[in-house]
Amino acid sequence: MHNFTSLKILDFFQPLFRTMKIDYPTMRKILEVKLTMDQRRVPTILNDMSKKKKEGKNNFLLSLLIYAFYGLMLVPFIFLGDSYMFQISIMIGISMFILMTSLISDFSSVLLNIRDKAILNTKPIHPRTLSAAKIVHIAIYLSLITGAFIAIPSVVMIFTKGIVYFLIFLVEIILLGLFIMAFTVLVYMFILRLFDGEKLKDIINYVQILLAIGVVVGYQIVIRLFDFVDQEFIYDFSWWHVLIPPIWFGAPFELLLNQEYSIGIILLSILAVIGPIVSIYIYSLLMPSFERNLQKLMEESGTRKKRSWNLSESVGRFICISKEERAFYRFSSIMLRRERDFKLKVYPSLGMALVFPFIFLFNNLGYQSFSDISQGKSYLTIYFCNIIIGTVVYMLQFSGKYKGAWIFQTTPIHKHSAVYRATLKAFLVQLYLPILSVLSIVYIWIFSFRIIPDLIIVFLSAILLVLIAYRVFNNGKYPFTEPLESANQSGGNTGKMILLMVAVAFFVLVHFIVLAIPFGIYGYLLVLSIINIVGWKLVFK
Amino acid sequence: MGNKEKVLSLQNLTMSYSGKNVLTGVNLDVYSGQIIGYIGPNGAGKSTTLKIMLGLINGYGGKVEIFGQDIAISDQSFKQKIGYVPENAEVYDTLTAMEYLTFIGELYGLNREKVEVKAERLLEEFGLHEVMHSRISSFSKGMRQKVLILSSLLHNPDLLFLDEPLSGLDANSVMIIKDLLEELANQGKTIFYSSHIMDVVEKISTRIVLLVNGQIAADGTFDELKEKSKEGSLEGIFNQLTGFDQHKHTAKKVVSIVMEDDDNA
Numbered sequence: 001m002h003n004f005t006s007l008k009i010l011d012f013f014q015p016l017f018r019t020m021k022i023d024y025p026t027m028r029k030i031l032e033v034k035l036t037m038d039q040r041r042v043p044t045i046l047n048d049m050s051k052k053k054k055e056g057k058n059n060f061l062l063s064l065l066i067y068a069f070y071g072l073m074l075v076p077f078i079f080l081g082d083s084y085m086f087q088i089s090i091m092i093g094i095s096m097f098i099l100m101t102s103l104i105s106d107f108s109s110v111l112l113n114i115r116d117k118a119i120l121n122t123k124p125i126h127p128r129t130l131s132a133a134k135i136v137h138i139a140i141y142l143s144l145i146t147g148a149f150i151a152i153p154s155v156v157m158i159f160t161k162g163i164v165y166f167l168i169f170l171v172e173i174i175l176l177g178l179f180i181m182a183f184t185v186l187v188y189m190f191i192l193r194l195f196d197g198e199k200l201k202d203i204i205n206y207v208q209i210l211l212a213i214g215v216v217v218g219y220q221i222v223i224r225l226f227d228f229v230d231q232e233f234i235y236d237f238s239w240w241h242v243l244i245p246p247i248w249f250g251a252p253f254e255l256l257l258n259q260e261y262s263i264g265i266i267l268l269s270i271l272a273v274i275g276p277i278v279s280i281y282i283y284s285l286l287m288p289s290f291e292r293n294l295q296k297l298m299e300e301s302g303t304r305k306k307r308s309w310n311l312s313e314s315v316g317r318f319i320c321i322s323k324e325e326r327a328f329y330r331f332s333s334i335m336l337r338r339e340r341d342f343k344l345k346v347y348p349s350l351g352m353a354l355v356f357p358f359i360f361l362f363n364n365l366g367y368q369s370f371s372d373i374s375q376g377k378s379y380l381t382i383y384f385c386n387i388i389i390g391t392v393v394y395m396l397q398f399s400g401k402y403k404g405a406w407i408f409q410t411t412p413i414h415k416h417s418a419v420y421r422a423t424l425k426a427f428l429v430q431l432y433l434p435i436l437s438v439l440s441i442v443y444i445w446i447f448s449f450r451i452i453p454d455l456i457i458v459f460l461s462a463i464l465l466v467l468i469a470y471r472v473f474n475n476g477k478y479p480f481t482e483p484l485e486s487a488n489q490s491g492g493n494t495g496k497m498i499l500l501m502v503a504v505a506f507f508v509l510v511h512f513i514v515l516a517i518p519f520g521i522y523g524y525l526l527v528l529s530i531i532n533i534v535g536w537k538l539v540f541k
Numbered sequence: 001m002g003n004k005e006k007v008l009s010l011q012n013l014t015m016s017y018s019g020k021n022v023l024t025g026v027n028l029d030v031y032s033g034q035i036i037g038y039i040g041p042n043g044a045g046k047s048t049t050l051k052i053m054l055g056l057i058n059g060y061g062g063k064v065e066i067f068g069q070d071i072a073i074s075d076q077s078f079k080q081k082i083g084y085v086p087e088n089a090e091v092y093d094t095l096t097a098m099e100y101l102t103f104i105g106e107l108y109g110l111n112r113e114k115v116e117v118k119a120e121r122l123l124e125e126f127g128l129h130e131v132m133h134s135r136i137s138s139f140s141k142g143m144r145q146k147v148l149i150l151s152s153l154l155h156n157p158d159l160l161f162l163d164e165p166l167s168g169l170d171a172n173s174v175m176i177i178k179d180l181l182e183e184l185a186n187q188g189k190t191i192f193y194s195s196h197i198m199d200v201v202e203k204i205s206t207r208i209v210l211l212v213n214g215q216i217a218a219d220g221t222f223d224e225l226k227e228k229s230k231e232g233s234l235e236g237i238f239n240q241l242t243g244f245d246q247h248k249h250t251a252k253k254v255v256s257i258v259m260e261d262d263d264n265a
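Residue numbers (full-length UniProt numbering), protein chains in the order written: chain L, 1 to 541; chain D, 1 to 265.
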């Protein structure tokens, strides 16, 4: 085991922990072991990049580099306009998005971990020390990530805006970190209290997706708070702004640097300081009950009734010909629906598929009126939901429970190709179609029924793209047979994935051209259908 | 085993998960030097009892006393003299065997250098010297189990809770563990373990406690149980007391269903 610099720094705060009646040496030991174990795993942000699994700090340092790179995003905003409210709210909004996403995807497992209860809670250690170890563990990473993220913007700030500006920003980002940690835990706490048993485990998955979507949407809201007048962003206080945390953090700048003492600004400034502190205080009050409720994750729930009717299954009977294929279709549907590790990796990108089209559609709202949009061709933005197809089809070969795959070897399967075909169909019906349906309903509401043929074309191109993605990634394997961790290892796939995203752009282009031809759309629809039928027949011969 | 010191006492212990009663009033006193075989059908509440005694589960009814302390109001110190082997081989398997044992020893407040020496010697006795610096994730099930058993012994506990301690171990290792438990009991340690392997329980337990539907259905030495139930083996006693005498019938029925399926194909 190593000597960790972060722990040495932590040693300075020893008195603080002692006054909180925390057994510092024990906490330090637990942290040392946890950090050692972390070095031996790969953080998710490196998913597509790590070519080989190397032990040691390299992995985490590399991921810090990525955060530093993300930090570049903040730099333009430092120069955007003179309104502190605007600059800071946007910057804090982005930081919140980045840090929270990382917290959810990488550290939810730490927060919700109950596996080591049997190891740690059976030892003579006070629960207070254990929860402290948990939260400090997360805090160490969050501060490293935050540090990397704001490194470049900080340098720029010091040189262009002066040291005071930077110091306020630094204090705010620390407060933000506290707020994010507390907020995430509070959300989980709420869910843990509301649900139990198997349902709870499923819901936690969806919460992770919802949080991810929430931040994307929140960012959009923040941008729209400002009126763009004469090259300048004007801010007007409304009461409901107190509900949007990024706005809080803009106010202290106005207060301290512009001596702006309006009630709104003062109120928001107070919230920027009080909000994080109160949320951390609530967190520390509720932590024991949180740990107690975590137990629910261990409970076995009672018998579940079999669902009498299932839409996806009925569809399956329709689109799968052979008995064997139907069996695999059913199996794949269940895996896609229930396998938690798989869902954790894949569902967030499904959330993106749902959100991206709207983001790009609403971006047009800035310079077009709503009725202009509904007359135009912006409905092509719905294609943005197709860019995740490549990623998800690639992920279909992985599973957290890959060891169960011996059944494929020991059973007499007649047509090997039927297995994967069934899985792809299950993906389309189970995951893709619901997203497209939701999008379609909203788009039809905006653009009227005239776009129905276009929507069908989008769906057909998705089917074709699934087939292409399958050809690109698959090498004669069965689905759900590779360990999820090895999803990181194949670096060459990043290129392929980008290629598949470019393919989506190609589909959009063709669609756009076809729209210029009278009735071309129906011809294109026919051509796509034929390509699909022939293609699927050929590939799965 | 002369001095009978009360080590553990359960008084009217009840527990329910989301409305389902798992334990419905368990009363049990355990004295030092006893090897308790805690048996019962699947889902009878054995693991729950163990978890309550270890302070892993709160919200139970009744009273649990360990070493004379009520664990609901005591601080964590009662855990100091307890060793525990969990049932599902939960272990930080990205650590090496050595790192893991050292860590666990330290959590019990042992000095690092001392644990290291102790752990190394113990690993050697269990034939794991070669792999002590390999990660546990590369271990076979039996090797993991050995590490877990060692981790429960490092701090020289007076009370051992073992949940299926023999799972995955080969016949030779099972013999070592059996003798080990006996030797520990001779030294005045108390061992409380649950298992489904009846002939092992029969051979090493000085007292057998049978849990059915969240209540104790039988309690005594093997000979006492034999006398009461007029069955020759613990397996027989188990079947009788859990009210299960259908095994022949069930087996026949299963086979007939299997065969029937064959006709259709």
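Keep in mind that the hints were calculated from the coordinates and are not lab data.
Hints may be right or wrong, so weigh each one.
Lysine-lysine pairs mimicking DSS-like chemistry, simulated, CA-CA at most 25 Å apart [what the hints assert, rightly or not]:
id : chain 1 : residue 1 : chain 2 : residue 2
1  : D       : Lys63     : D       : Lys6
2  : L       : Lys415    : L       : Lys477
3  : L       : Lys403    : D       : Lys230
4  : L       : Lys8      : D       : Lys178
5  : D       : Lys230    : L       : Lys296
6  : L       : Lys377    : L       : Lys403
7  : L       : Lys377    : L       : Lys415
8  : L       : Lys34     : L       : Lys21
9  : D       : Lys203    : D       : Lys228
10 : D       : Lys178    : L       : Lys34
11 : D       : Lys248    : L       : Lys29
12 : D       : Lys118    : L       : Lys29
13 : D       : Lys6      : L       : Lys296
14 : D       : Lys253    : D       : Lys228
15 : L       : Lys21     : D       : Lys81
16 : L       : Lys496    : L       : Lys477
17 : D       : Lys141    : L       : Lys34
18 : L       : Lys415    : L       : Lys323
19 : D       : Lys141    : L       : Lys401
20 : L       : Lys401    : L       : Lys415
21 : L       : Lys401    : L       : Lys34
22 : D       : Lys226    : D       : Lys248
23 : L       : Lys345    : L       : Lys415
24 : D       : Lys20     : D       : Lys6
25 : L       : Lys29     : D       : Lys203
26 : D       : Lys114    : L       : Lys34
27 : D       : Lys118    : D       : Lys178
28 : D       : Lys226    : D       : Lys253
29 : L       : Lys537    : L       : Lys496
30 : D       : Lys203    : D       : Lys226
31 : D       : Lys20     : D       : Lys63
Facing chain L, a subset of chain D residues (Cβ under 7 Å, in silico) [what the hints assert, rightly or not]:
id : residue
32 : Lys6
33 : Leu56
34 : Ser77
35 : Gln80
36 : Tyr84
37 : Tyr92
38 : Phe103
39 : Gly220
For every residue, glycine included, the Cβ atom is placed at its ideal position computed from N, Cα and C.
Evaluation of the provided hints:
Distance check on the hinted pair: Lys63 of chain D and Lys6 of chain D sit about 15 Å apart at the alpha-carbon level, within 25 Å; holds. Of the pairs offered as hints, the one joining Lys415 of chain L and Lys477 of chain L holds, with about 13 Å between alpha carbons and a cut-off of 25 Å not exceeded. For the hint linking Lys403 of chain L to Lys230 of chain D, the alpha-carbon distance of about 45 Å lies beyond 25 Å, and the restraint is violated. Distance hint between Lys8 of chain L and Lys178 of chain D is unfulfilled; the C-alpha atoms sit about 45 Å from each other, more than 25 Å.
Using a Cα cut-off of 25 Å, the hinted pair Lys230 of chain D and Lys296 of chain L is violated, with the two alpha carbons roughly 42 Å apart. This hinted pair does not check out: Lys377 of chain L and Lys403 of chain L have alpha carbons roughly 48 Å apart, beyond 25 Å. A hinted pair counts as satisfied when its Cα atoms are at most 25 Å apart, and Lys377 of chain L with Lys415 of chain L does not qualify at roughly 44 Å. Restraint check: the Cα-Cα separation between Lys34 of chain L and Lys21 of chain L comes to about 21 Å, which is no more than 25 Å; the hinted pair holds.
Distance hint between Lys203 of chain D and Lys228 of chain D is fulfilled; the C-alpha atoms sit about 18 Å from each other, no more than 25 Å. Between the alpha carbons of Lys178 of chain D and Lys34 of chain L the distance comes to roughly 34 Å, so the proposed pair goes past 25 Å and is violated. Under the criterion of a C-alpha separation no larger than 25 Å, the hint pairing Lys248 of chain D with Lys29 of chain L is inconsistent with the structure, at around 55 Å. A distance of roughly 19 Å separates the Cα atoms of Lys118 of chain D and Lys29 of chain L; the hinted pair therefore holds under the 25 Å criterion.
For the hint pairing Lys6 of chain D with Lys296 of chain L, the CA-to-CA distance comes to about 33 Å; that exceeds 25 Å, so the pair is violated. Straight-line distance between C-alpha atoms of Lys253 of chain D and Lys228 of chain D comes to about 31 Å, which puts the hinted pair past the 25 Å bound. Proposed proximity of Lys21 of chain L and Lys81 of chain D is supported: the alpha carbons are some 23 Å apart, at most 25 Å. For the proposed pair Lys496 of chain L and Lys477 of chain L, the alpha carbon gap of about 18 Å is at most 25 Å, so the pair holds.
The hinted pair formed by Lys141 of chain D and Lys34 of chain L meets the criterion: a straight-line CA distance of about 23 Å does not exceed 25 Å. Restraint check: the Cα-Cα separation between Lys415 of chain L and Lys323 of chain L comes to about 11 Å, which is no more than 25 Å; the hinted pair holds. Note on Lys141 of chain D and Lys401 of chain L: the hinted pairing holds, with a Cα-Cα distance of about 17 Å set against a maximum of 25 Å. Between the alpha carbons of Lys401 of chain L and Lys415 of chain L the distance comes to roughly 23 Å, so the proposed pair stays at or under 25 Å and holds.
As the CA atoms of Lys401 of chain L and Lys34 of chain L are separated by approximately 24 Å, the hinted pair is consistent with the 25 Å bound. Proximity of Lys226 of chain D to Lys248 of chain D is assessed by CA-CA distance (about 22 Å); at most 25 Å being required, the pair is judged to hold. As the CA atoms of Lys345 of chain L and Lys415 of chain L are separated by approximately 29 Å, the hinted pair breaks the 25 Å bound. Annotation: proposed proximity of Lys20 of chain D to Lys6 of chain D is violated, straight-line Cα distance about 31 Å (limit 25 Å).
Among the hinted pairs, Lys29 of chain L with Lys203 of chain D is inconsistent with the structure: their alpha-carbon atoms are about 40 Å apart, more than 25 Å. The suggested pairing of Lys114 of chain D with Lys34 of chain L holds, with an alpha-carbon distance near 22 Å, which does not exceed 25 Å. Distance hint between Lys118 of chain D and Lys178 of chain D is fulfilled; the C-alpha atoms sit about 21 Å from each other, no more than 25 Å. Simply put, Lys226 of chain D and Lys253 of chain D have alpha-carbon atoms about 30 Å apart, too far for the 25 Å limit, and the pair is violated.
With a C-alpha separation of about 23 Å, the suggested pair Lys537 of chain L and Lys496 of chain L falls inside the 25 Å cut-off, and the hint holds. Under the criterion of a C-alpha separation no larger than 25 Å, the hint pairing Lys203 of chain D with Lys226 of chain D is consistent with the structure, at around 13 Å. Between Lys20 of chain D and Lys63 of chain D the alpha-carbon distance is near 20 Å, which keeps this suggested pair within the 25 Å criterion. About 21 Å separates the beta-carbon of Lys6 of chain D from the nearest beta-carbon of chain L, more than 7 Å, and the hint is not met.
The beta carbon of Leu56 of chain D is positioned within 7 Å of a beta carbon in chain L (closest approach about 5 Å), and the interface hint is therefore held. The beta carbon of Ser77 of chain D is positioned within 7 Å of a beta carbon in chain L (closest approach about 6 Å), and the interface hint is therefore held. About 4 Å separates the beta-carbon of Gln80 of chain D from the nearest beta-carbon of chain L, less than 7 Å, and the hint is met. Interface hint status for Tyr84 of chain D: upheld, as the beta-carbon distance to the closest one in chain L is roughly 5 Å, under 7 Å.
Look at Tyr92 of chain D: its Cβ gets to within about 6 Å of chain L, closer than 7 Å, so that hint holds up. The beta carbon of Phe103 of chain D comes within 5 Å of a beta carbon in chain L, closer than 7 Å, and the hint placing it at the interface holds. With its C-beta approaching chain L no nearer than about 29 Å, Gly220 of chain D sits outside the 7 Å limit, and its interface hint is violated.
Violated hints for the displayed structure, listed by number in ascending order: 3, 4, 5, 6, 7, 10, 11, 13, 14, 23, 24, 25, 28, 32 and 39.
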